[in-house]
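Following this note's numbering, the numbering of the sequence shown begins with 1 at its first residue and continues without gaps.
All clues stand as given, with none of them false.
Okay, the calculated beta carbon distance ranges per label pair: (1) Lys150 / Glu25: 30 to 36 Å; (2) Glu20 / Glu171: 18 to 24 Å; (3) Arg140 / Leu21: 23 to 29 Å; (4) Gly13 / Gly93: 34 to 40 Å; (5) Glu84 / Asp18: 18 to 24 Å.
Because the hints were derived from the structure by calculation, they are not lab data.
By construction, the Cβ of each residue, glycine as well, lies at the ideal position given by its N, Cα and C atoms.
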Amino acid sequence: MYFAALLARTEDGWEASDTELDDVETLSDLADLARESASDADDTVLVFIEQEDAWFGVVRVDGEEDPRVFVSSAAAAARSSYGELLLTDELLGREPKDEDVDLDALDLDGTEDGEPEAEDGEDPDTDMSAVPSGPVGDIRILDDLGVSAKELLALSDDALSEIAEALGAAEVLETVR
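The whole structure should be built from the sequences, with the hints applied where relevant.
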């Protein structure tokens with residue numbers, strides 16, 4: 001089971017809203033969704049995503065800056081459609097895939113055998129060996145909000161509630177759970 005929520009920091013404190021991620025396809029889409037939820041363009045917005053007992057992720061959007069991401073378990077998130085939103089090539093330290101293939105540069109003489117078949121239902125686009133098993137991303141994402149890197153890495157199964165508690169936003173988060 002998944003849970004996703006937005007926490008926006010305003011002059012009056014934190015405001016929470018639950019969110020659907022069905023129409024979100026990229027990290028940029030997620031950042032845009034976060035920015036739309038802010039009452040002021042410079043507000044800090046946190047996106048919480050959690051797959052129960054498997055992994056959690058925090059995306060921080062500060063105004064128009066690039067989003068910052070932390071994922072508790074990259075390997076677990078890589079097996080999740082929502083986790084794949086967060087696990088960008090940059091976050092995993094991989095070279096970005098070149099989506100625009102120059103067909104003129106390819107030697108297409110009609111003798112190609114095509115792509116090798118994936119074994120045992122593997123997704124040929126997912127290289128699990130390139131995904132670390134532990135946490136990835138910005139471990140200092142919440143330092144200035146009262147959750148140190150050490151605390152973030154030591155969070156338990158109810159990590160999002162613990163983060164919200166440290167931020168003083170536990171009550172507003174519970175209203176959308």
